[in-house]
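Protein chains in written order, with our numbering: chain F, 61 to 604; chain S, 383 to 565.
A portion of the hints provided could be inaccurate.
To be verified - List time: in silico SDA-like cross-link candidates among lysine to any residue, alpha-carbon distance up to 25 Å: (1) F:186 - S:396; (2) S:529 - S:544; (3) F:186 - S:416; (4) F:186 - S:411; (5) F:186 - S:549; (6) S:467 - S:510; (7) S:535 - S:504; (8) F:362 - S:502; (9) F:186 - S:502; (10) F:362 - F:186; (11) S:476 - F:362; (12) F:186 - S:476; (13) F:186 - S:535; (14) S:476 - F:158.
I should point out that these hints are in silico values taken from the structure, not numbers from a laboratory.
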Amino acid sequence: MPRRPSLRGVLLAPDTFGDAAYSPVEARGVLALLTSLRPGRSWTTRVETLYLTILTLAMIVGLFWGLSKRLGTILIEVGSFYNFAWGAPAIVLVFLAAFRYSTVQGFVSFSEPDCVLLLPAPLRRKDLVLPRLATATVLVGALGALAGALVAIVSHGATQSGGRIGKAALAGFALGVLVVAGSWHVQRLRWATVWVLRLTLPALGLTILLGFAQGAGSTLRQAVLWSGPWGWGILPVSAEGSSYGVIGLVLLCGLALAAGISLFRSAGRCPIEEFRSRARTRSQVVASLHALDYRTAGLATKGSKARTWQARLRIRLPRRQILIVPWHSTVALLRSPVRLGWGIMLAGAGMVLLALQPTGQGTLWAGAVALYLAASSLLEPLRLEVDSPATARLFLPWPFNKVLWLHCLLPTAIVVAAGVLAVAGATALGYVTTGAFGAMMLLVVPLSLVVVLAAAFSARRGGRVSSNLINVASLDTTGFSFMFVLMRLAGWAILALVVTVVAVYFVGKADFGFGLPLLEVFAVLVILAIALQRGLVAMPRATE
Amino acid sequence: MGPNGSGKTTAAELISGLQEPTGGWVRIAGFSLDHETEALAARRHLSYVPDNPYLYPDLTVRDHLHLMAAAHGVDGEELQQRCDKLLGSLGLQKRADFFPSQLSRGMRQKTAIACGVIRPFSLLVLDEPTIGLDLASMDALRDLLIKSIAAQKAVLLMTHSEEFAASVATRVLHISEGHILDA
Chain F
61 MPRRPSLRGV LLAPDTFGDA AYSPVEARGV LALLTSLRPG RSWTTRVETL
111 YLTILTLAMI VGLFWGLSKR LGTILIEVGS FYNFAWGAPA IVLVFLAAFR
161 YSTVQGFVSF SEPDCVLLLP APLRRKDLVL PRLATATVLV GALGALAGAL
211 VAIVSHGATQ SGGRIGKAAL AGFALGVLVV AGSWHVQRLR WATVWVLRLT
261 LPALGLTILL GFAQGAGSTL RQAVLWSGPW GWGILPVSAE GSSYGVIGLV
311 LLCGLALAAG ISLFRSAGRC PIEEFRSRAR TRSQVVASLH ALDYRTAGLA
361 TKGSKARTWQ ARLRIRLPRR QILIVPWHST VALLRSPVRL GWGIMLAGAG
411 MVLLALQPTG QGTLWAGAVA LYLAASSLLE PLRLEVDSPA TARLFLPWPF
461 NKVLWLHCLL PTAIVVAAGV LAVAGATALG YVTTGAFGAM MLLVVPLSLV
511 VVLAAAFSAR RGGRVSSNLI NVASLDTTGF SFMFVLMRLA GWAILALVVT
561 VVAVYFVGKA DFGFGLPLLE VFAVLVILAI ALQRGLVAMP RATE
Chain S
383 MGPNGSGKTT AAELISGLQE PTGGWVRIAG FSLDHETEAL AARRHLSYVP
433 DNPYLYPDLT VRDHLHLMAA AHGVDGEELQ QRCDKLLGSL GLQKRADFFP
483 SQLSRGMRQK TAIACGVIRP FSLLVLDEPT IGLDLASMDA LRDLLIKSIA
533 AQKAVLLMTH SEEFAASVAT RVLHISEGHI LDA
């Protein structure tokens, strides 16, 4: 028999708060205690961390530099072709990205033990939140200042002056403060989170309009530059004149000051629930990333609550058995309308870019990437099937790979429909020639099929990577195994993109009047589609 | 008491301020959780032990008790005495310098319970505190709750175990679909 522990002598807390009830416990002392209780790190650990940080930063900067040069060329090529200016849209996109980030994380984070043990304690919440907010403001502001100074240097070349760089840096800092302040309000206010999620697509549309307006005539350009902080931030580095730059800077700094005051005043007003849900998400994401499972990490940020209308959405089951899988795809896509909207928009944009008979590589790549992303987005029902393969194997009468193929039918139909409508619209507006329209009508079906099937090869991999593979790779000090894991993770996606680019390349060379004969391109695409379909159905294993 | 999904944890988290009510209000000892200054007073009265023991991975059992006591204004000799006696009564003395990763689920649960009762409180909310506890630890917890009730503290216990509830409760409420069925 285990000895029963005695409670004799345990001091149960007295209920004598008295006047002390209203006075908070000093947060600084508690935080100092928490720091002192945590085991200190040895200097070897610190040196190792520093070494790894420098190494990682060097790799990221190297990769970013290489990519940015290539991406920059593409962006400038596409932008100049359509008179699209990137200044105001880039600032809006930064705001949008930060706000979206704040709907799942934000600049102020607490761990789950913090949320359950520390935040419910009688400490003034402002004292716990404000140091984190201050750090974020300084860091993001400094990054903004650096970006502003770089833009000033790059945009004016040898003619730049110290004053202009200083003004640009100050504008960047003010924009950084605005980003943190806006993000904090998105993080703490539930309704703001909801509206950021709802307005992301319209805001992206508005961003595109801003870019075209800024690149258009002077009246529209002036309207954009004075319409808000996205324009005021550009004025100090634009060619509008020094006085306009100063006015823009004053407006921006005034707004940043107001934002800073709102940060200070609202620092204590964020429900524990918001911090806790973000702490949970972070734990799930970190756990998934440790297992190199990027899909689960991504899903963790989406939230699991189904909206009532999504649960109630019903479509009658088809009578023909073979249509059950496309029916499942339809229901799944209709229940995620944002994904469906993205897919349709990207598919239409991609097809229009190809129908414009691009001569530049940038436009060709942009079209291929848009089509690939559209197909990949619309293939979410296939990924859901791969996430739980046992369900299909138990309940459906076909081999699993055939189920995956059947999941490709609806995305193909959507890409075709979106492409036909977009190209027809562009033709009606006079952007696409009648000859190109006819050629695209011939090629749109096999091209869509090739793109969707190529994306399906990538989507069928699912999120999980074999734990044996990760364990073996972690033991290998040469680094080759790590490269193998990377190829395992991204190989199919790269291959799918390559196939898409090849298909698009052929379409680009099709005889809209010159180049390869149209029927030859059609035949190539059909053969490619058949080969991909056979490959998908015959693949030995759908999941690891 | 109530079946899975009946709203026990939601009720406990609403009362303890970990979730925000979509309607209505919560008052602890007359203090509203919505009002900033009153919430401080309410949090002095309230102690919550969640169903899952959330502990700092880099702090030992003793560190947790010191931190929780300090966060509620308990320090000095009183803290040391209370800490030692609570560790002894819950059978945690030999593991006082262990980190959470070195503890079993039951030991972690007992640490979370100790964190909940080491500080002054008027209302103790426990969500499924018996998960992972052995019989001796359940007896210790039962004694702790009975002593708390005897010391005029209110204890709100969410549990599946009818036997455990019957041994400590002066009143049993059944909850289903977020509604109290009977009293």
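Cross-check of the supplied hints:
At roughly 21 Å between alpha-carbon atoms, residue 186 of chain F and residue 396 of chain S fall within 25 Å of each other, so this suggested pair holds. Restraint check: the Cα-Cα separation between residue 529 of chain S and residue 544 of chain S comes to about 20 Å, which is no more than 25 Å; the hinted pair holds. At most 25 Å may separate the alpha-carbon atoms for a hinted pair to count; residue 186 of chain F and residue 416 of chain S meet this at roughly 15 Å. With a C-alpha separation of about 23 Å, the suggested pairing of residue 186 of chain F with residue 411 of chain S holds against the 25 Å cut-off.
A C-alpha spacing of about 42 Å is found between residue 186 of chain F and residue 549 of chain S, which places the hinted pair above 25 Å, so the restraint is violated. Of the supplied pair hints, the one linking residue 467 of chain S and residue 510 of chain S holds, its CA atoms being roughly 24 Å apart against a limit of 25 Å. The hinted pair formed by residue 535 of chain S and residue 504 of chain S meets the criterion: a straight-line CA distance of about 5 Å does not exceed 25 Å. For the suggested pair residue 362 of chain F and residue 502 of chain S, the alpha carbons sit about 39 Å apart, so the restraint of at most 25 Å is broken.
The hinted pair formed by residue 186 of chain F and residue 502 of chain S meets the criterion: a straight-line CA distance of about 23 Å does not exceed 25 Å. Distance restraint check for residue 362 of chain F and residue 186 of chain F: the Cα-Cα separation of roughly 28 Å exceeds the 25 Å cut-off, and the hinted pair is therefore not satisfied. Simply put, residue 476 of chain S and residue 362 of chain F have alpha-carbon atoms about 43 Å apart, too far for the 25 Å limit, and the pair is violated. At most 25 Å may separate the alpha-carbon atoms for a hinted pair to count; residue 186 of chain F and residue 476 of chain S exceed this at roughly 38 Å.
The hinted pair formed by residue 186 of chain F and residue 535 of chain S fails the criterion: a straight-line CA distance of about 30 Å is larger than 25 Å. The straight-line distance between the Cα atoms of residue 476 of chain S and residue 158 of chain F is roughly 48 Å, outside the 25 Å bound, and the hint therefore fails.
Against the hints set out earlier in the document, violations occur for numbers 5, 8, 10, 11, 12, 13, 14.
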